[in-house]
Amino acid sequence: MNNIGTLYRYEIKKIVGKKLFWIMSALLFLLAVFTPFSNLVGSYYESGEKIASNLSFYKEEQAGKMALSGRALDDELFNEAITAYSKVPDVFNYSSTEEYRKYALAYNEVYGFIRTSTGLKFEDIKNWDHDATYVYEKRKENIYLYLEDSFLTDNEIKFWKDNYEKLDKPFTYYYHDAYQILLDSFQTISIILFAFVSIVLSGVFANERQLKTEPIILASKKGKKETFMAKILAGITVSVSVSLILSIILFSLCLGYYTPEGFDYSLTVYFNAATYDISIGEACIIAYLIMQIALVLFSIFVMTLSEVLKNSVAALSVSMLLVILGGMISIPQSFRAIGQIWDWLPVSYLAIWNMFDERTFPIFGKCILSWQIVPIIYIFLSLILYMIAKYKYKKVSVE
Amino acid sequence: MELVIDRLSKQYGSKIAVDRISAKLGKGVYGLLGANGAGKTTLMRMICGILKPTSGSVSFDGIDSEEEDFRAILGYLPQDFGYYPDFNAYDFLFYLSSLKAIPKKEAKAKINELLEVVGLREVAKKKIKTYSGGMKQRLGIAQALLNDPKLLILDEPTAGLDPKERVRFRNLIEKLGKDCIVLLSTHIVSDIEHISDEVLIMKDGSFIFQGKWNDKESSLEDFYLSQFEEGEDSE
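The listed protein sequences derive, respectively, from chains A and B.
Letter by letter, the first sequence follows residues 91 to 489 in our numbering.
Letter by letter, the second sequence follows residues 1058 to 1292 in our numbering.
Pulled out of the complex, with its shape left as it was, chain B reads as follows (with noise of 0.2 Å):
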């Protein structure tokens, strides 16, 4: 299981927004790591297929992000999730099962049980636009983990949970990330400390840092805000 980037880049106009990032990625939990405007989100969409990059190429054990066999083992939680607001959590469910070709018979056992894991099984069957924005992380959580996939990218995936929701959502991610591939962007560098196998540090559009944390003596959320500051003095 591995998933290679290759000289990834994103340009819009004169403005790079991803530079010729490469990286090979095995199973574990990923924290990824920026300011805004870093280039975190540009680079998961690409990782994703559904944004085009200016150039490179992305490929999940030879299968190219472009090809419906990638999308397939792909489980994705944009940064801003989007929700059809009259639909209620289990028809909005269904539907993700048959875009992500699950077997209705699986897709609602499947439903059911992951509806119990983010705690929306009482309100399962209530409007989506009734939910509290909590509510509604958790209903992105659940539809990105619908397929089993084995390599889930999640763009601020604790962003609105409560700390209790944000606790039992880092034990889930903890479990995931020993059976898949899994790609988290945060700002709360507590997350990332307690459940990341590797920690990758993006800065206009680089890898500024990648590797195992714990081999640095400081902090991670020091070096995280010096780089802030580094960033607020150059400007």
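Just chain A, same shape as in the assembly (with noise of 0.2 Å):
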């Protein structure tokens, strides 16, 4: 008999058979189609009077940013940029301008690539007499400055600078919102998901002392190894079925509204400091991956604080309490090894900018980048804590 399979199944059915499983899921599920369209939602306000619609606004930038789609940010787009934003009045709140809308509105992030990778202010800009040449050289210039400021050792300098080199220049514009969105969304998703984990395996084990029916699991053939087993993997497949779960409806709402367009759109563009020789439809898709691997290993590390502590609550408290601190607490670049660690914990980790930020992991001389060891690092860890909650497991007594 497959007994683990019907334990499996058992277990799934204890923790989904709860109301707080389903009405958790269904905030999250609420969250998940709400996200992609929170923009959209109201009006464009101008000293009290409704100027436009949220979503007829962002249409008008939409169809702009899609007409520029595919084009090199080069000369040419740089002066069509700078044209188009020269003819907006030079005053303090110039995006509410209705020149700004009629003529810059489609160009904003071209002329933020602009701004952005040579510092120049929004009245330096309107005079302009500068080249793409120019503005490459500033990029360049302005990120090596922050490479070097940024606490990293001379051969994750190197390696940045390097592969600052080997990507292709001109950077190519792309009209990208669905991943934009995906990214703005992902650590929102992400402490949502700890929290939906927290609440949902923390009496996963605390449960069966509170139910009274760990005696008779205890007393029975496959109630010490078995059991075990199953209730790890049901809580993971809980927690990553419902990840995926949301996973799959926010990249289906986002790329059904908002078009698949601009996956090859370079990371780098879009991360100013960043020399990243990925696209961000690729960084979406590791960020979201990661997520999965963060999520089970954050299942394992509940379930066995249900297990050591043996209390529901105290397990949810220390878990959401770490769930809270990593979104709250953020550790100086200049301690490098201790902010490293704690930027690096699934709790923190789960943010575009610690995800892929500069600092790597050496190897033998090499510079391993964060996305690509914290998955094995995280892997290894779950199997640290499930032996860890396997051995406690099986010494527990009914004291």
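There may be inaccurate statements among the hints.
[What the hints assert, rightly or not] Below, in silico cross-link-like pairs of lysine-lysine (DSS-like), each with a Cα-Cα straight-line distance of 27 Å or less:
#1 A:K400 with A:K302
#2 B:K1232 with B:K1221
#3 A:K103 with B:K1207
#4 A:K315 with A:K400
#5 B:K1182 with B:K1193
#6 A:K103 with B:K1184
#7 A:K480 with A:K103
#8 A:K302 with B:K1184
#9 B:K1109 with A:K485
#10 B:K1232 with B:K1081
#11 B:K1161 with A:K315
#12 B:K1186 with A:K302
#13 B:K1109 with A:K482
#14 B:K1161 with B:K1183
#15 A:K109 with B:K1182
#16 B:K1232 with B:K1165
#17 B:K1193 with A:K302
#18 B:K1084 with B:K1260
#19 A:K109 with B:K1186
#20 A:K109 with B:K1232
#21 B:K1186 with A:K400
#22 B:K1207 with A:K302
#23 B:K1161 with A:K103
#24 A:K103 with B:K1109
#25 A:K400 with B:K1072
[What the hints assert, rightly or not] Part of the chain A face toward chain B, derived, beta carbon under 7 Å:
#26 V123
#27 L308
#28 G313
#29 S487
No lab work stands behind these hints, which were simulated from the structure alone.
Since this is a predicted model, take the numbers as computed values, not measurements.
Quick reminder that beta carbons are idealized off the backbone N, C-alpha and C, glycines included.
Join the two chains, each given in its own frame, into one complex according to the hints.
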């Protein structure tokens, strides 16, 4: 008899049989459905007067950006952007003007590229007398300065500089809103999923004690080894399934509504300082895949707490506290090792700026990127936690 | 078929809950009597292998109580029987059959048989949280019998049962005692008198009596009550 299979199904039933699971799942579903469209809800107001709905405003911007998609970020596009922006009045709130909406809206990302690359101010760019070579030189200069100031090792700085040299230039502009929303929502979705896992899995072991079912389980033939495995597998299955469903909904809505265009948009253009040679589409896939692995680790962590503390409220409190601290505490870059360890913990790491930052992991003189090594570390840590919890469960005594 | 308890002790800080108990039990029904706090539940938990003893050991035909093979022959009804409120009786028993490694087909037949025996067949698909105390206790008895145990440990099995159910249960235990070792604890002396082959009386973590009560002149109830009185006098 495949007992593990039956035990596994019953363990899943125990987790999903609770009302709280369905309430939390419904909230997550609503979040996934609402997130891609949150910016389109409501209206745009100017001095208390409704100018347009956010949706119609966005539609104009989207059409403009789509028209520019696929063009090189070169002199021709820069000049178009500068010309468009020169028509915008030189006022504090220039983005609220009719001229901005009419001429410059479509170019805001191109214009942003020029500004962040060169460091020039609004009024300086309007008197533009530079060319693309200047933009790229300044960009390189600023990125190199940033790398020097980021408490990186000499090896890392060389690695990133070499990487930047290898990137194809000029970069190409792509309309990429679907991916931008996916990356922008990433941290929020991750934190909420962590909270979900904390709530749903904190009772996996502890509830057996609270329900007083622990003695009959432990006195059964398969009550130790197989039950432990079934519980852990069920917990992982529930958390990863919910996360995958949520991710699929989010990807489908984003790509469905905003179109899949822009997959190849370079991450280094999107992220000013980074010199990554991957696209924004690849970054989305990497981020959401790592999220699943991080959830496996976090699920095992919460279940280990549940077993060690034997109290679901205590396990929930500890895990939620870590989630909150992960989002709140930021260790200064100057404390390189501690800062890196903290930022690579699952509760901190699932933020795009941590996942794609410049700190690497050295192996035999090679710089391994965080998203290449962190999933392996997470799998390794998951196994260690699994062994600890298993040992603890095997030794459990109904005192 | 022999259950060997060898110098079994359990100590919590300075309090000795079970004090170097030794016994060899063969086939039959053993009634375990003792006041609250005498150490009955602690002893039963250690026999089941779910409570780590401070010292000593328990084995069944040479199989140590910590081994999976020991748990394979064990049926256990804890004093405070826990259940999953949202499971129905059938699901609950099927889940426990899986825990006991009973093949699916065999489990289904056994569950139906036991539901009939404990009188829960009609309500098998109802959620356990809707059951009365007596129904839950009967479900607990059924789960302990799922794997046709050779060693059956029942911690106050008749608690919550009405007189009719108690009589039915006593008959069942008597029948089971012919093929396996049954150790049951209770406060109801008449239950023990009716079905036990041997009586074990515990006080302060030790056996103060072990054997067939028929050998004695006074009634078991009087002796049991006198132990309570002694305990109160000494306090």
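- Query: Quick check: which numbered hints come out false for this structure?
  - Reply: Of the numbered hints, 3, 20, 24, 26 do not hold.
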